[in-house]
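There are 4 protein chains.
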Amino acid sequence: NRRTQSLHGPSPVTTFGPKACMLHNPNTIMHIQDPASQRLTWNKPPKSVLVIKKIRDAGLLQPFKELCTFLTEVKSMIVYVERKVLEDPAIAGDDAFRTTMNKFCTFRDDLDDISNYVDFIICLGGDGTLLYASSLFQESVPPVMAFHLGSLGFLTPFNFDTYQSQLNQVIEGNVSIVLRSRLRVRVQKDSREKRTKVEENGVILTNGDGEGMHKAAQYQVLNEVVVDRGPSSYLSNVDLFLDGHLITTVQGDGVIVSTPTGSTAYAVAAGASMIHPNVPAIMITPICPHSLSFRPIVVPAGVELKVMLSSEARNTAWVSFDGRKRQEICHGDSITITTSCFPVPSICFRDPVTDWFESLAQCLHWNVRKKQHHLTSEEEEF
Amino acid sequence: NRRTQSLHGPSPVTTFGPKACMLHNPNTIMHIQDPASQRLTWNKPPKSVLVIKKIRDAGLLQPFKELCTFLTEVKSMIVYVERKVLEDPAIAGDDAFRTTMNKFCTFRDDLDDISNYVDFIICLGGDGTLLYASSLFQESVPPVMAFHLGSLGFLTPFNFDTYQSQLNQVIEGNVSIVLRSRLRVRVQKDSREKRTKVEENGVILTNGDGEGMHKAAQYQVLNEVVVDRGPSSYLSNVDLFLDGHLITTVQGDGVIVSTPTGSTAYAVAAGASMIHPNVPAIMITPICPHSLSFRPIVVPAGVELKVMLSSEARNTAWVSFDGRKRQEICHGDSITITTSCFPVPSICFRDPVTDWFESLAQCLHWNVRKKQHHLTSEEEEF
Amino acid sequence: NRRTQSLHGPSPVTTFGPKACMLHNPNTIMHIQDPASQRLTWNKPPKSVLVIKKIRDAGLLQPFKELCTFLTEVKSMIVYVERKVLEDPAIAGDDAFRTTMNKFCTFRDDLDDISNYVDFIICLGGDGTLLYASSLFQESVPPVMAFHLGSLGFLTPFNFDTYQSQLNQVIEGNVSIVLRSRLRVRVQKDSREKRTKVEENGVILTNGDGEGMHKAAQYQVLNEVVVDRGPSSYLSNVDLFLDGHLITTVQGDGVIVSTPTGSTAYAVAAGASMIHPNVPAIMITPICPHSLSFRPIVVPAGVELKVMLSSEARNTAWVSFDGRKRQEICHGDSITITTSCFPVPSICFRDPVTDWFESLAQCLHWNVRKKQHHLTSEEEEF
Amino acid sequence: NRRTQSLHGPSPVTTFGPKACMLHNPNTIMHIQDPASQRLTWNKPPKSVLVIKKIRDAGLLQPFKELCTFLTEVKSMIVYVERKVLEDPAIAGDDAFRTTMNKFCTFRDDLDDISNYVDFIICLGGDGTLLYASSLFQESVPPVMAFHLGSLGFLTPFNFDTYQSQLNQVIEGNVSIVLRSRLRVRVQKDSREKRTKVEENGVILTNGDGEGMHKAAQYQVLNEVVVDRGPSSYLSNVDLFLDGHLITTVQGDGVIVSTPTGSTAYAVAAGASMIHPNVPAIMITPICPHSLSFRPIVVPAGVELKVMLSSEARNTAWVSFDGRKRQEICHGDSITITTSCFPVPSICFRDPVTDWFESLAQCLHWNVRKKQHHLTSEEEEF
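First to last, the protein sequences are chains A, G, C and S. According to this note's numbering, the first sequence is numbered sequentially starting from 452. According to this note's numbering, the second sequence is numbered sequentially starting from 452. According to this note's numbering, the third sequence is numbered sequentially starting from 452. According to this note's numbering, the fourth sequence is numbered sequentially starting from 452.
Everything labelled a hint here was simulated from the structure, so no lab data went into it. Careful, some of the hints might be misleading.
To be verified - Not close to chain S: a few residues of chain C, all C-beta gaps over 12 angstroms, as computed:
no., residue
1, LYS470
2, GLN513
3, THR523
4, ALA541
5, LYS554
6, PHE558
7, GLU590
8, SER591
Unchecked claim - Quick list of the computed label-pair ranges, beta carbon to beta carbon:
no., chain 1, residue 1, chain 2, residue 2, range
9, G, GLU779, A, LYS526, 26 to 34 angstroms
10, S, LEU562, A, LEU512, 35 to 43 angstroms
11, C, GLN513, S, LEU697, 33 to 41 angstroms
Cβ atoms here follow ideal geometry from the backbone N, Cα and C, with glycine treated the same way.
Using the sequences provided together with the hints, build the complete structure.
This is the structure we're talking about:
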């Protein structure tokens, strides 16, 4: 039964009753691979792998060394590791690991661009490792295989126990992947305010208006963009535009614009419903809104959102991207957000649906039940 | 800027880093017209129109007569009206309206199938008129133009004041439409229980297993399928399957499976986030769940859901479809739900985005604001 | 430190600045024992005990027999048991239990009034046993000691394992009790509608207006009064009055008026905050309200609430009391609700605070945590 | 009917069945005036009045001058005004106001203690004026009469239009008051960390342990104490103790401990139910908690809460009091919170119940309705 394997709706009929039909417009036709059937393959065998390890977690040292030794010595791969990871005395001082380590390629975050050298990525640790991996690749992202060492995470489906066989499967190819959409966020500073803070990690862009009046930095975000009141005790007060139209003003602690992947992160804590990562959508969730009726909304993935300080805002706001790069937003600055063309191809442990429901149960205790009855009647219950 | 006019996400890149790419599978490629550019056209000029009027609403009589006269006398259209509508003494007894009325084609709900005779539909009244229109067309649905007479509804964007010019535009074609996805719901009764209630409106199906052990009725639902405890004081206890796998058990007043269109109806009252109708998704919302952690979830449009009484359920449950056809569900019965190929093409007043945000504000008072500040400090606020 | 043992606020000062003070009104002074220090004592040694057992639960048979034998043979108590309980073949047919059983006093629910014969109550089973016990005592309620056999309930704090020593302590007296407030509910039928359904369990009252135009039934409710749409598919539409003034109209699935004890039952499923049973308050919680801004409210225990069908309601509503005695409410009928003078004295396992937080964790998994971080930054987290 | 005028529950019976009763303990009996009958009176005619005006609000200048002139010239009262208010050029430079102004007593916030000189307080502006007034009186608070100039606030029920007659009534006495409970908050710094930030406004206390190891500052809070993550991107991680026992750990953006008055301020934005100010309770509301099941709870007014950084917290937290005095909380510091003996006697416009429901509607649009029906059926609705 084909339908039960689909993760996109069926193609709807395009004729409506006896005489009506949809106006055909070839320019706006999209060709989409049903997410249920998305699988990874390799043009050439992968040779280089970036290993990302959560730092300051003693429990990860042994798995990290074991994995890297396996990759280097057994699989003859080139292992990329961030220089900071190797500065840990427990690694740098381990003589037995020295030979392996000497074969590593190291790089420095914020300085070296490795985006063209890495065939795939292995993460060891929590969901944060994947957010960090995402931040290293502002355009195309190599496939990511993420191991949780302790408890399952939304972004880290693999168990380390059988890492060798699982890795062999990935290297062979033809494994299930979920394309986690990202948000492309552009922060445009109003230079009349002479704000020229250098953005370290984001790509610096200059506006084409020939006058250099605006500086813009661009980010790829996997979970969410958060605009909040920062250290201020005041409500933030920001205007939210969709495709150029003001749709509402957010008065409260702030607002979260998230991907479906991010719906189970900060957004769910702020009261959002949880969205499967294969739904092409953007979620807008207020944080402690002043208005009782400000429920979260879900809009189609293709729209362009813009956040600006409201003209009546008495204080600035602060923006962050997957919890990083926190910066102040002043009057005139704008944050433009849309779905990115560069998703994170995240390798599934089983498949996109099973992995997600497993995470809901394990990470969020979703609908953990205890059998009990709040409504009773004398006939049957007491 | 093309992106700002899209309502589907951009086509993601399909190469991931230097060597990985998505396995090409032509069989599962879907060709989708970007919802933002979906417009109505006509193969031939429309000649017949079904007019649906909310009954027992005196305020609708005059607009109804005016509209029908215009359609019949000025536009020379064939007007279909349900027989029940004309039995209203205020219509049947109106001599001035007799001539027009005599030109109507009438039909009886549950008896006559008009689905091949109606070129488009006009609704006068509340959102219920559109739910009713949807129920008349179990397969392809003619375009619907829905007028609210009093206050704006989610499904009734048109104001009656300028109905003539608006109708002329629709008849000319090239108006914006939103394809409201429906759910195809199949109710399969376990005949061991000898339940042979005749389903009046649904299409009666016989299972192909050659034994006729199961009777199934099928429905097309625009807002939601509700499974609840009915008149019982007990919690309902139903199992929820997704693509054949048990994903959770619902203990509470019930569960709502809704389209994005339905997310702003019953689901929002039960705590769901609101989803734009162009997002290809299905929403699952528990009603007063026993578990504190049972938050609503949003799954991709293509999945197949199944609801059955849990084996430990001590009572039956009840199901209804857009608030109609309420029926009991017993042990062994199953309700299978998936996205239908037959959406309701709903003509927009402006466009899918503007209409929706207008409805959120008007119908749900979404984020109605009053300027006030809950956090204050002595420096600036008191 | 006296303050840390209080469960009522401190007595506030009654002088305000140099010259203002509260007008002294001796008629409205209340003398309240701080709930933290409420303990049970006996005027005379208790001699009779009502044992309530959940029916149709095989796991309770052995504990029930053991307990009754202990009470009858060892403690020489008179045991009251509902006749229906003894009709269970597993009890009636147990010859070994015959001698003990022959000493029981039996009664029939709805027919025999045992309220003056029972010195205390023992419940075996779920929270429903306590709701049932409450329904048997429309005025003063003997102390209740409630055992859960499987998992802890909000109303059943005692573990059966050491029942003998615990029972001895209770019989000695000086154990901690929580007075669970009840609601006194009066249902007044508008007799113009000639509705003369006999209320079996409630006390039948005749209005003093000399005309017998109204029939009223009165109930004592431990958890909640629910007014809902019953089997109807329509929204219920009821007016809510507080001390005679219309405060709001409820449009939705219904409304729950609950005690603090009931706040952790149906109300919490409908979205309410949870209130400790020692807070003198009444909670009003809408069920799936049509309005996004209809948040639950908590009002002081002393107010009088009234619920009536709204004049614009097109359908009747249904009312139930702790999930029982479900009945229809028509135009003109009224439901009057206030805090009762007759609480349920519920014997604590430890003390009112510890027992409650234990139940929140065990029954509702309140704030079950998994250590994880949704906000991360590159410096420390990945 | 006495009951309908009560705002405390009725005194419960203290005998339970034929033989049980509550152990009498005269030491813990409290004598409470029913809140419904609390009225203001004067020992001596009031002679001095503190006028608090929201600054930087041009619309308040004229009412302020008019009011002060009336108080000074007509009522011969001594008017206290904060010096900062008179520094506004629009006041200082107004020659016509000079004579009146010269009769004012001025004081400086943080330097002068006027708590023994003020017979009552008048607030002009928003709810912030009342929070500020509260902060000036760490012990007994004179009665407060609060005018809203624009839209009604929860704490500012009076309309300025008829201020003279209303003021005359207050001065005569016998007006309805609501005693708004406050929280007494003590912040104890662990001096091993050598943190000796001087607390300007709070009363500085030295611990009686003879060693001066701890410094404590005490605050009276009318709305809420907030402990949050401050400018950090990390979740806060704090332990919550009740009467010395750890009841839960808060992982999320923070936690709000509020009075019933504060339940309609920040707490409601974070999802709390709304509590009438006459309910003796303390509300605990998590802010964006990491756990789906962390619902707000309401505990009795008399308990003592303590908040400390969890031992596993990797970052500090921040605390603020009614949005003021924001300060960092480090490992070892503790925040102890209980209901204060010094409420704010807030003069009612009508009465405690009417004023509150009026505010719910005006300030929070509570259950603003639009007549519409989400459930429909073909028989009656379309």
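Structure-inconsistent hints, enumerated in ascending order
Checked against the structure, the hints that fail are numbers 1, 7, 8, 9 and 10, while the rest are satisfied.
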